[in-house]
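> Here's the letter readout for the chains.
2 protein chains.
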Amino acid sequence: MRRPRRKAEETRGDILNTAETLFRERGIAKCSIADVAQALHMSPANIFKHFHSKASLADAICDRHISRMIGRFGTLDEPAPAPERLAIVVRKLMEAHLQDLRDNPFLFEMIFLMSEADLPSGQHYRRLIENLFADLIRQGVESGAYKCTDPQAISQHVAAAFASVLHPVLLAKAGEAELHDRCDGLARLVNAALQNPLAK
Amino acid sequence: MRRPRRKAEETRGDILNTAETLFRERGIAKCSIADVAQALHMSPANIFKHFHSKASLADAICDRHISRMIGRFGTLDEPAPAPERLAIVVRKLMEAHLQDLRDNPFLFEMIFLMSEADLPSGQHYRRLIENLFADLIRQGVESGAYKCTDPQAISQHVAAAFASVLHPVLLAKAGEAELHDRCDGLARLVNAALQNPLAK
Numbered sequence: 001m002r003r004p005r006r007k008a009e010e011t012r013g014d015i016l017n018t019a020e021t022l023f024r025e026r027g028i029a030k031c032s033i034a035d036v037a038q039a040l041h042m043s044p045a046n047i048f049k050h051f052h053s054k055a056s057l058a059d060a061i062c063d064r065h066i067s068r069m070i071g072r073f074g075t076l077d078e079p080a081p082a083p084e085r086l087a088i089v090v091r092k093l094m095e096a097h098l099q100d101l102r103d104n105p106f107l108f109e110m111i112f113l114m115s116e117a118d119l120p121s122g123q124h125y126r127r128l129i130e131n132l133f134a135d136l137i138r139q140g141v142e143s144g145a146y147k148c149t150d151p152q153a154i155s156q157h158v159a160a161a162f163a164s165v166l167h168p169v170l171l172a173k174a175g176e177a178e179l180h181d182r183c184d185g186l187a188r189l190v191n192a193a194l195q196n197p198l199a200k
Numbered sequence: 001m002r003r004p005r006r007k008a009e010e011t012r013g014d015i016l017n018t019a020e021t022l023f024r025e026r027g028i029a030k031c032s033i034a035d036v037a038q039a040l041h042m043s044p045a046n047i048f049k050h051f052h053s054k055a056s057l058a059d060a061i062c063d064r065h066i067s068r069m070i071g072r073f074g075t076l077d078e079p080a081p082a083p084e085r086l087a088i089v090v091r092k093l094m095e096a097h098l099q100d101l102r103d104n105p106f107l108f109e110m111i112f113l114m115s116e117a118d119l120p121s122g123q124h125y126r127r128l129i130e131n132l133f134a135d136l137i138r139q140g141v142e143s144g145a146y147k148c149t150d151p152q153a154i155s156q157h158v159a160a161a162f163a164s165v166l167h168p169v170l171l172a173k174a175g176e177a178e179l180h181d182r183c184d185g186l187a188r189l190v191n192a193a194l195q196n197p198l199a200k
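Each protein sequence line maps, in turn, to chains H and P. When we follow the UniProt record's numbering, the leftmost residue of the first sequence carries the number 1, and every step to the right adds one. When we follow the UniProt record's numbering, the leftmost residue of the second sequence carries the number 1, and every step to the right adds one.
If we strip away everything but chain H, and leave its shape as in the complex, we get (with noise of 0.2 Å):
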């Protein structure tokens, strides 16, 4: 009884694998569900048994490429101190995305074109950055070396500090001088911040 499920898992990675490799060439925005069905030599109608939309297919995708770029951090444990480490991972962070950026730049034009809608992928995105933020600062609090007392709580506001190194529409924008500068920096201001009682 198994072989039928892992039939759909496999046609929905070959959806996938096909619909990026068009979406790369092509842009997504000249690219339809029909053309990536023709491609698979499949109906449009078996296409929209695993995405609804050009939109969930889409979503799918940048899902995939976030949960392996955030899968290489979960391995990340130096030991250095945890202001050190907190700059560490956002410039890391940062520079996986900008590696990205040049080695898929559909993938921007993607995540450009569907930043008006709120797509699962983007806020699965943000609540693995904020864990992330959460274990490190958790870990910081028990060395001693971080002063805040609700980790969970500040870590959101940690991950929307940093915004502007880390969201990719931001990212796009900026010189990459200019942006190891501003991490620099947001990291030092967010440490100071951590180091402090006054924080939450």
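Each hint should be verified, as a subset may be incorrect.
Pairs involving identical chains hold if they fit within one copy or between any two copies, as the list cannot separate such chains.
Below 30 Å or equal to it, Euclidean Cα-Cα: the simulated DSS-like pairs (lysine-lysine) are [claimed, not checked]:
| hint | residue 1 | residue 2 |
| --- | --- | --- |
| 1 | LYS7 | LYS49 |
| 2 | LYS49 | LYS173 |
| 3 | LYS54 | LYS30 |
| 4 | LYS30 | LYS173 |
| 5 | LYS173 | LYS92 |
| 6 | LYS49 | LYS30 |
Keep in mind that the hints were calculated from the coordinates and are not lab data.
With chain H's structure known, arrange chain P on it following the hints.
Leaving out everything else, chain P in the frame of chain H:
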């Protein structure tokens, strides 16, 4: 000898007013320089003397809006201590943006369409915001509330920290309740940083 110059400035103002009205009515994407010229009974060449492209015309409209909006904050000299004033200023700026998005949705379309290009009005907005923060932080240092040593340098990072509540593209996507919560949380975080001698 002053008459011709005044006339040029008046013409420039007429072009801005008419273009703004047309952009608002039809959307910027569906409106050309030729349409603006026709509405003013002018030749397109005459408009091109003042604005070299539709983008530079849109940029000038945005810049006029921004200058008026920030102008309202120049007179804000409440007697409250610096940390409270910081929170008030950011909240008022955010609310002015939200009001603007409600009243002038075409402005948002414009900012969104142009936000890939790094236009002068965007840089002007950033400089105005940074100066607003620099003044506020300087006063906070003088009164002893803030401990940082370089208000001008840190004001750039403070402005960046508030991007998710002051940047139109990010603002337009979030719900109001969430924005208010984020705005207050960011103000607490930044205030904790500025009151810590660790902040530079």
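> Pop the pair LYS49 and LYS173 into one bin, within, between, both or neither, using alpha-carbon distances up to 30 Å.
between (37 Å within a copy, 29 Å between copies)
> Tell me, please, which holds for LYS7 and LYS49 at an alpha-carbon limit of 30 Å: within, between, both or neither?
within (13 Å within a copy, 64 Å between copies)
> At most 30 Å between C-alpha atoms: does LYS173 with LYS92 qualify within a copy, between copies, both, or neither?
Both, since 18 Å and 26 Å are each at most 30 Å.
> With identical chains treated as interchangeable, where does the CA-CA distance between LYS49 and LYS30 reach 30 Å or less: within a copy, between copies, both, or neither?
So LYS49 and LYS30 pass the 30 Å test inside one copy only (22 Å; across, 36 Å).
> Since the copies are identical, ignore which copy is meant and state whether LYS30 and LYS173 lie within 30 Å (CA to CA) inside a copy, between copies, both or neither.
Both, since 24 Å and 25 Å are each at most 30 Å.
> With identical chains treated as interchangeable, where does the CA-CA distance between LYS54 and LYS30 reach 30 Å or less: within a copy, between copies, both, or neither?
both (11 Å within a copy, 25 Å between copies)
Consistency with the previously given hints is maintained throughout, with no hint failing.
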